[in-house]
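Chain residues, written in single-letter form:
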Amino acid sequence: MADIASSEELPAAFDLARIRRSHRADHIFHALTRACSVFVLLLFAGILLSLILGALPAIEAFGFAFLWTEAWDPVREVFGAAAPIYGTLVTSLIAIIIAVPIGIGIAIFLTELCPRVLRRSVGIVIELLAGIPSIIYGIWGLFVLAPILQQIIQPGFIEFFEGVPFFESLFTGPPYGIGMFTAGLILAIMVLPFVTAITRDVFETVPSVLKEAAYGMGSTTWEVIWSIILPYSRSGVVGGVMLGLGRALGETMAVTFVVGNAHRISTSLFAPGTTISASIANEFTEAIGDLYVAALIELGLILFLVTFLVLAAAQYMLYRLEARAGGRS
Amino acid sequence: MNSIYAKRRRRNNMFLGLSAVATIVGILWLAMILVTLFYEGVSGINIAVFTETTPPPGLDGGLINAIVGSLIMTALAVLAGTPIGILVGTYLAEYGRYTRLAFVVRFVNDILLSAPSIVLGLFIYELVVVSMGHFSAWAGAAALAIIVIPVVVRTTENILVLIPNTLREAATALGAPRSHVIRQVTWRAARAGMITGVLLAVARISGETAPLLFTSLNNQFWSTDLNAPMASLPVAIFQMALSPYEDWQRLAWVGALLITMAVLFLSIIARVLGASTPSERG
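Heads up: the protein sequence lines correspond to chains A and B, in order. Residue 173 in my numbering sits at position 173 of the first sequence, and the numbers go up by one each step. Residue 1076 in my numbering sits at position 76 of the second sequence, and the numbers go up by one each step.
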């Protein structure tokens, strides 16, 4: 009977007080992680709410007409978002048109053609470039790209397209060097590593069995890419492009340097324009009067909502691919 | 028949050639940026950059107040954002992996991860600057912290999910309570990956300019007062690059080089650390 000792000598694991204590610690820790998760949701709601509240004076003053009014006159306190919205869309579109084909090309090269040794190092270089802050791209655009465009490329474009219907109006006017075209180019360089990295990851999810089957039937490499890899990874590629678009829409510093900051809608891509983020960055600290500040915050609200839609669509696309890849493997 | 083969081969060569060209164009383009950056930046580096404050136009000076300002605000933002981010990531990977709350949080977090940083600046302006009545380093740090959280959440969750369940089961079988299992076993196994996440977050915010423009503003002078406007490298670069003074533009290039070096350094360390995590087997 000696081995069944009195209850005080039971092993620690049976110490009721201790079990209760660790239960409580468990609950507290669980609640803490959950509270922090809810905090993230509150943060998101708070951002939306504060933007709406801040924009209220402008919303009341201009209503929906804010969206299609071009005037931006701080002196008479008349504000409209048409020019920044137009600039944001046009620069992002230019960026996507340039960056997507190049990005997909690089991704194809990396996954299908590149020697294995090179594949890793080129991939790493591209990922590192994706982390370089946008202000670096902006300063390069201002001091290096803009002069080149002004002296060589823009005059060439203007001359080349002279007399060609439609294109003539896109590439016209004095070559300033800065403007929406330059901003679009800089955005393209900035978005390129993103699009490339995501597309490459997506291409790598294609099961080798599928590719091997196609090769076995005598397909060329291009035919495998075009009829096997691209269709399989379509939703992922679209998701990657949308993520890039989301970046381009909200990008501030790379654009602010080179867009020209003119609240004007011009058909010419070489003309200075502005974007939503560039307007806010340039004018916010100098804005005098409640209405001016509110108008800028409303611009921010529009930007937030638009990027939300684009990013949500991107998430959905990538999630779909993930679900499929997970289900099949 | 032969003409079909020839056509297919031509097509194949053409498109593969194009993708090789795209790679060369892309890499050259990006290389050009780095080369200019080093060329312009290195020629401007001297001792004064690290010992003197930002000069008025036309005089010599350095960037020390901006460098220190960036360090202070980055440190504060990481101190505030990391614990929250890690706890959220833990919830997503451990407690609530399949709950509806986790699903929503994951979605919102991914949106915040790519949300325009200038909008986050506006939010902090409304929340902190307006209520305090003036710009301050606190506000700048808060804006940066909002950027840190989603990055840390994402990396923490990603790494915790990779930790093999057998580890958790073994610890639970020994009688360890859940919170103990998470902190003593899972976190420990995932430590390298979690540190990687924090480093990536630091790299991300050290170049952020937009959210600082109207939260911490800028400061021409030496200041460590957290209740006053504080200089930071990115904002100093922004101001100096857009000025017409050549001395300022040169300093802007130096600042840009410093930031890029810091970011590349951090990303490389993060990558090395991340590669050494043994959890790939999970």
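Treat the hints with caution; some may be incorrect.
Here chain B is said to cover these stretches of chain A; the calculated rule only asks that three of the stretch's residues, wherever they fall, bring their Cβ under 8 Å from a Cβ of chain B [claimed, not checked]: (1) 23 to 35; (2) 138 to 145; (3) 148 to 160; (4) 169 to 176; (5) 203 to 216; (6) 280 to 289; (7) 301 to 307.
Just so you know, these hints were derived from the structure itself, not from any lab. Here the structure is a predicted model, which is why all the values come from computation and not from measurement. No residue lacks a Cβ here, since even glycine has one placed at the ideal position from N, Cα and C.
Evaluation of the provided hints:
With 9 residues having a beta carbon nearer than 8 Å to a beta carbon of chain B, the stretch 23 to 35 of chain A meets the requirement of three or more and the stated coverage holds. Judged by the Cβ-Cβ criterion of 8 Å, the stretch 138 to 145 of chain A is covered by chain B as claimed, because 6 of its residues qualify and three suffice. Residues of the stretch 148 to 160 of chain A with a Cβ under 8 Å from some Cβ of chain B number 0, which does not satisfy the need for three, so the listed coverage is violated. Coverage of the stretch 169 to 176 of chain A by chain B is violated. Counting CB-CB distances below 8 Å, 0 residues qualify, and the rule asks for three or more.
By the rule of at least three residues with a Cβ nearer than 8 Å to a Cβ of chain B, the coverage given for the stretch 203 to 216 of chain A is violated, with 0 such residues. For the stretch 280 to 289 of chain A, the assignment as covered by chain B holds, since 4 residues bring a beta-carbon within under 8 Å of that chain's beta-carbons and 3 suffice. Counting residues of the stretch 301 to 307 of chain A whose beta carbon lies closer than 8 Å to any beta carbon of chain B gives 3, which meets the minimum of three for the stated coverage.
Figure legend: structure checked against the earlier numbered hints; hints not met, in rising order: 3, 4, 5.
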